[in-house]
Amino acid sequence: MASETPALTGLWREAGQARAKEARLEVDEAFIAAVLDAEAHTLATAPLRDADVSARIGSIARRVTFPDGSVFETKDNDGIDRLLRGAGSRTAGVVSGLEQFRPRLIAFVLLTIVFCVAIYRYAVPALVEVAIWATPPAVTTAISQSVMVSLDNSVFAESTLPEARRKALSDGFSQLSALTPRGETQTPGSPAYTLNFRRGGSIGPNAFALPDGTVVLTDELVELAGSDDEIVLGVLAHEIGHVDHEHSLRQLYEAAGTAGLIMLIGGDIGAGTEDLLTQGAALVALSHSRGAEREADRFSVELMHKAGRDPAAVARFFELLQKKLGDTGSDDFLSTHPATPERIAETRRYAKEIEAAGK
Amino acid sequence: MNATFQDQMALSPAAAPSSVTREPFAFTGTAREYFGIWIVNVLLTIVTLGIYSAWAKVRRQRYFYGNTHLAGGTFEYHAKPMRILVGRIIVLVLLVAYNVILTVASVYGIIIIIVAIFAVPWLIMRGLRFSVRVTTYRNVRFDFTGGYWGAFRAYILGGALIYGTLGFLAPLASQWIWNYMLGNLRYGDRPISCDPRLEKLYGQWWLPAIVFVLGSIAMVALAIAAAYLAGAFLPEGVLDRLDPDNENGFPIYVLVGLIYLGFIPLALMYMLSALLYRAGTRNVALSETVIDGRHALSSQIHRGRFAWIWFSNLFVTVMTLGLARPWAAIRMARYLSVVTWLDTTGSLDSYVSGLRAEGGATGSEFLDVEGFDLGF
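Taken in sequence, the protein lines are chains H and Z. Counted the way numbering that gives the first Met the number 0 counts, the first sequence spans residues 0 to 358. Counted the way numbering that gives the first Met the number 0 counts, the second sequence spans residues 0 to 375.
Worth double-checking, as some hints may not be accurate.
As the list claims (entries may be wrong) - Computed, partial: chain Z to chain H, Cβ under 10 angstroms:
| id | residue |
| --- | --- |
| 1 | Val57 |
| 2 | His77 |
| 3 | Arg137 |
| 4 | Ala266 |
| 5 | Trp309 |
| 6 | Asn312 |
| 7 | Thr316 |
| 8 | Leu322 |
| 9 | Arg333 |
| 10 | Thr343 |
As the list claims (entries may be wrong) - What the simulated footprint calls covered on chain Z by chain H, stretch by stretch (three residues with Cβ under 8 angstroms from a Cβ of chain H suffice, anywhere in the stretch; the number is not a length):
| id | stretch |
| --- | --- |
| 11 | 89-101 |
| 12 | 115-125 |
Claimed, not checked - Here are the in silico distance ranges between beta carbons for each label pair:
| id | chain 1 | residue 1 | chain 2 | residue 2 | range |
| --- | --- | --- | --- | --- | --- |
| 13 | Z | Leu260 | H | Val154 | 49 to 57 angstroms |
| 14 | H | Arg89 | Z | Asp342 | 58 to 66 angstroms |
| 15 | Z | Met270 | H | Glu222 | 43 to 51 angstroms |
| 16 | H | Ala29 | Z | Ile155 | 17 to 25 angstroms |
| 17 | Z | Ser215 | H | Arg198 | 39 to 47 angstroms |
| 18 | H | Gly87 | Z | Val114 | 31 to 39 angstroms |
Bear in mind the hints are in silico, worked out from the structure with no lab data behind them. Virtual Cβ for every residue (Gly too), placed ideally from N, Cα, C.
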């Protein structure tokens, strides 16, 4: 056996010492490895399986570390692999074998692209669903309460709407929320959705929903709608739609998942490319939030129709917004809910379709 | 820190100038070889949903260290993948917890941010220590002896100083950072000193500062000119289509894309300024780094060439959907090795490792995951 494997030449160093000695490594029939110097004195010896042989990477030098801490270093990668295989190792050089510059790397490139697309298209969305399912209600409640407290402290003031108007809107809201999937299973003590009136201050005519079902409506929006409660309820149904589809949690988890993926391969793609990917992910998130708006619009149409109200109310609201506010570009409802003509047309079309089907 | 520096000052004059040998660094990695390592790293990382990334990091680091030669010896990276994996998991859990707490209890956000600010120097200190202690050259370990407050001064105070003075005191922050990173290193049991002088750092500050200011002015002028020309020469109606409320307007991604397109020159200019500064301060800091009071490092990056390599690397990487990344990484490593050398006085053979445990990898993975640039 020893005759089949010629000795490997290299350098030997004592544990932690810089000074090197020219040496050769030999392995006998019993797989005992020995490092010998030029005068054939044994410098270190141990059973091969007790020595730590570094994995092969490219053509960098291999290190055989003996139990006494001394190190034999050689550039003869093939020689080391022959020794290891001779000693019965099956895993020696498996990964480095894959890494060789061969045509099959083209297949690896294609596989990588396929996996990237698959992960992005299927694995991330699936994981997001799992995360949403696993999120305890206590967490969504805590998130929502803490957002409310922050806004109450900074932006909002108490509502100045007349009591009667608030009552009318609250009744309409309760009717709507009772018709939702969550509303059907709610108990009188803990409603699925709660409506809160606030004076919006700097956020102006606005309405938004928090993931636990808290819906906030600003006085300014009600005033904008004039005496038309139907329009306001159309907007509230839209906000309920966001909660029903769990949009805010979903966007939170999507952003976290994408960021995590980018971080994991960050070291392999370089800092500049990583920054570009992060920017790209922000663009994608923006387009997702557009999709969420469309979903909530459709939800509003369906819910309003179910409640026997005007299914196109939310479309009427957008038209009203456009007419009254124009594109002032301020920090209002429009900035997150762009009232594009396509959107109004699509909502109206869907409302007609629903009504026609209902009759 | 100061004591070790004085030790060396006392030692240096003893060295006779005649015995100085210039030892260049050399990098022998090739794009062909690294491409295979890289694509397998990326593929296995994806297939294992990130778990392999720890093994990938070790293979990548070992490849780059093992191909870096100096005076007949090479560097070695000894971190254990399992350690790295545990560190990564802890960092991931910490980051998730941080963000969840910020979202769930945004009322107490300010307290959580303050806690994080005080935790970061600790993570940096531990991260540097780990990365340094798993590195050997000629079988002799490096050590890192920096403490918490040194990291706090360099990274927290230094960072605040840069932003607070609009970059005017950036050289002072650079001095703290380099002094902390390199001045706390030890090779075996021998100290390394790094005391970049402030006036030299300021010498590297003017050019990037001027590039930044003039570039910003030029961008604004260009934007105004473009808006004017567009108003004057574009056919009627094209500008109206940029309005998001326009019925026949461009789709939203075109609008957002245009906004990004406007920001790209600005971002590139900012990057150019940052790259010139980074290269310049690396030259100053490395050239004032002395190992064991005898061996002097030296760095002579050509700033323009460095910026060119960086930008063209990024461009080619993006154009090839990332496939040219291995080539780009090797190209940069090669360039940096060519412009770095060590002026040795006496033998490099007499060094012996100090024996210190490297500790956990949490800090080093924090630096990694956050894209923290050690700047070596």
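So, going through the hints one by one against the coordinates:
1. Of the supplied interface hints, the one on Z/Val57 holds, with its beta-carbon coming within about 9 angstroms of a beta-carbon of chain H, less than 10 angstroms.
2. Because the beta carbon of Z/His77 sits about 9 angstroms from the nearest beta carbon in chain H, less than 10 angstroms, this interface hint is met.
3. For Z/Arg137, the suggested interface contact is upheld, since its CB lies about 4 angstroms from the closest CB of chain H, less than 10 angstroms.
4. Hint status for Z/Ala266 relative to chain H: holds, with the closest Cβ pair at about 9 angstroms, below 10 angstroms.
5. For the restraint placing Z/Trp309 at the interface with chain H, the shortest Cβ-Cβ distance is roughly 7 angstroms, inside the 10 angstroms limit, so the hint holds.
6. The beta carbon of Z/Asn312 is positioned within 10 angstroms of a beta carbon in chain H (closest approach about 8 angstroms), and the interface hint is therefore held.
7. Hint on Z/Thr316 holds. Least Cβ distance to chain H is approximately 5 angstroms, under the 10 angstroms limit.
8. Below 10 angstroms, beta-carbon pairs count as interface contacts, and Z/Leu322 has one with chain H at about 7 angstroms; its hint therefore holds.
9. The interface hint given for Z/Arg333 is broken, as the beta carbon of that residue sits about 14 angstroms from the closest beta carbon of chain H, more than 10 angstroms.
10. This hint is violated: Z/Thr343 has a C-beta 12 angstroms from the nearest C-beta of chain H, more than the 10 angstroms allowed.
11. Coverage of the stretch 89-101 of chain Z by chain H holds in this model, with 4 residues showing a Cβ closer than 8 angstroms to a Cβ of that chain against a need of three.
12. Taking a C-beta to C-beta cut-off of 8 angstroms, the stretch 115-125 of chain Z contributes 0 residues in contact with chain H, too few for the three needed, and the coverage statement is violated.
13. Our hint of 49 to 57 angstroms for Z/Leu260 and H/Val154 is violated, since their Cβ atoms are close to 34 angstroms apart.
14. Taken as a hint, the range 58 to 66 angstroms is violated for the pair H/Arg89 and Z/Asp342, whose Cβ atoms sit roughly 48 angstroms apart.
15. Range check, Z/Met270 to H/Glu222: about 48 angstroms between beta-carbon atoms, so the 43 to 51 angstroms window is met.
16. Between H/Ala29 and Z/Ile155 the beta carbon distance is about 59 angstroms. The supplied range of 17 to 25 angstroms is therefore violated.
17. Taking the beta carbon of each, Z/Ser215 and H/Arg198 are about 41 angstroms apart, inside 39 to 47 angstroms as hinted.
18. A C-beta distance of roughly 53 angstroms is found between H/Gly87 and Z/Val114, which places it outside the suggested range of 31 to 39 angstroms.
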